Every structure is written in structure tokens, then in C-alpha cells.
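With chain A fixed as given, assemble chain B onto it according to the hints.
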Amino acid sequence: GAGVSQTPSNKVTEKGKYVELRCDPISGHTALYWYRQSLGQGPEFLIYFQGTGAADDSGLPNDRFFAVRPEGSVSTLKIQRTERGDSAVYLCASSSGEDSYNEQFFGPGTRLTVL
Amino acid sequence: GQNIDQPTEMTATEGAIVQINCTYQTSGFNGLFWYQQHAGEAPTFLSYNVLDGLEEKGRFSSFLSRSKGYSYLLLKELQMKDSASYLCAVRPPSGGYQKVTFGTGTKLQVIP
Numbered sequence: 001g002a003g004v005s006q007t008p009s010n011k012v013t014e015k016g017k018y019v020e021l022r023c024d025p026i027s028g029h030t031a032l033y034w035y036r037q038s039l040g041q042g043p044e045f046l047i048y049f050q051g052t053g054a055a056d057d058s059g060l061p062n063d064r065f066f067a068v069r070p071e072g073s074v075s076t077l078k079i080q081r082t083e084r085g086d087s088a089v090y091l092c093a094s095s096s097g098e099d100s101y102n103e104q105f106f107g108p109g110t111r112l113t114v115l
Numbered sequence: 001g002q003n004i005d006q007p008t009e010m011t012a013t014e015g016a017i018v019q020i021n022c023t024y025q026t027s028g029f030n031g032l033f034w035y036q037q038h039a040g041e042a043p044t045f046l047s048y049n050v051l052d053g054l055e056e057k058g059r060f061s062s063f064l065s066r067s068k069g070y071s072y073l074l075l076k077e078l079q080m081k082d083s084a085s086y087l088c089a090v091r092p093p094s095g096g097y098q099k100v101t102f103g104t105g106t107k108l109q110v111i112p
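As given, the protein sequences belong to chains A and B, one line each in that order. Read left to right, the first sequence gives residues 1 to 115 (our numbering). Read left to right, the second sequence gives residues 1 to 112 (our numbering).
Hints were generated in silico from the structure; no laboratory data involved. Just so it is clear, the structure is predicted and the values come from calculations on it, not from any experiment. Note that beta-carbon positions come from the ideal geometry of N, C-alpha and C, so glycine has one too. Since no wrong hints were added, every one of them can be taken at face value.
Label-pair restraints from in silico Cβ distances: (1) Q25/B <-> G16/A: 33 to 41 Å; (2) Q79/B <-> K78/A: 39 to 47 Å; (3) D63/A <-> E56/B: 44 to 52 Å; (4) P112/B <-> S27/A: 38 to 46 Å; (5) E20/A <-> P7/B: 36 to 44 Å.
Okay, chain A solo, but in the shape it has when bound (with noise of 0.2 Å):
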């Protein structure tokens, strides 16, 4: 597929465990954002990358949210010690910057639950 893909797409978590959730972007794209989104918001900024580094990771909540990008193409998310306000869907987008604007695609979110 050409889109960008994310697994797993539903997680379902106890407090306090670790999870990993992984995007796929589309090939070639060196912008990756990942978002966070309650239900009846908008999607929330937590990180950027372009290319292996995150610039900007000023929309993570918390220490225990890191998120990874080692070559340059899949990115992992992950969250230890979850708690229940953690439970939301998380998204992943991706750009290839070389329109004006900068057109994000979004993958299809990873729906996570803690118990």
C-alpha cells in the first residue's frame, strides 16, 4: 500500500504496563508527526521528525512518552507505566515537504485502552 499504515491498530493495555505503538510512513517522506486524540477533540501534537531526529518534541505530556525514529523511516511510539488518561487514539501523519504547504497524511490511528 502507498498510504501510511499503523499497527496494531486496536491495543488494550492494564495500568502501569509498557506499550510500543508503530507507524509506517509513506516511502520517501522525511517529516513524521505523531498526534494524540480524545474522543470529540482534535488531534493533539506530541512529536515531530524530520529524518531520524525529533524536532520538536514539545507535545509529549510527560516523561514517560518517547517516541523513536532510528533510520529515518519507521517510528515507534512508546509509553511506559500507562495510565487510564492515556486511553485515546493515537495518529501518525507523514510529509514529504516539497509541496508549499506541507500536506500531512495521516495513518489510520492505533486505538489504545488502559484498564
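Chain B only, in chain A's frame:
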């Protein structure tokens, strides 16, 4: 900071026209996006405005007034499949990347 306001919900009739408004107060501005998001799906790009005026694209048009901090999305000849949330998002001044800030979205219900 960024503050974006949109109505929470709207209802319109199939075949009609609907206008979804968005107002923003931001510390900087470099363009405004509209995205469509069907329930349980990812947002998809609809339009981008950086200059004042109306941009038309098929049944959808988007308007921007930078001096008023105001935009609207106009949907014509509404179809049932247009029932979705419509997200307004503001792009900050360029700085090597685009940290887009989204509004909470307007949930549009199209009724027969």
C-alpha cells in the same frame, strides 16, 4: 499560543449548502488547513489557504480572512457521505517544520 474555535455540531439537509466557520487567535500564522474525518478514520486533507479569499475545489470551497482571523468551509450539494467531522488547523510561521494546531472539529450530520 494558538486558540482555534469551531462549532461543535451542525446538521444540514441532503442537497443543501452548509458553511462551517473557524476563528483563530494565534501568535503567528502561515496558513490554514481544513481536514475531513469520518468516524473511526484518519483525517484527510481538503484544502489549504494562505492568502485572503476563496479557494474552490468541486463541491467544497474554503475562505480565509487573515485580518479577521476567520475561515469557513462551504459544502455544496450535500451528500449523505459528507457526514463527518471537519477539522480546522492552523500552520505556524515557517521555521523548518510545521507544527500544525488543530481545532476540536465540527461534527456535521447530513439528514435526508
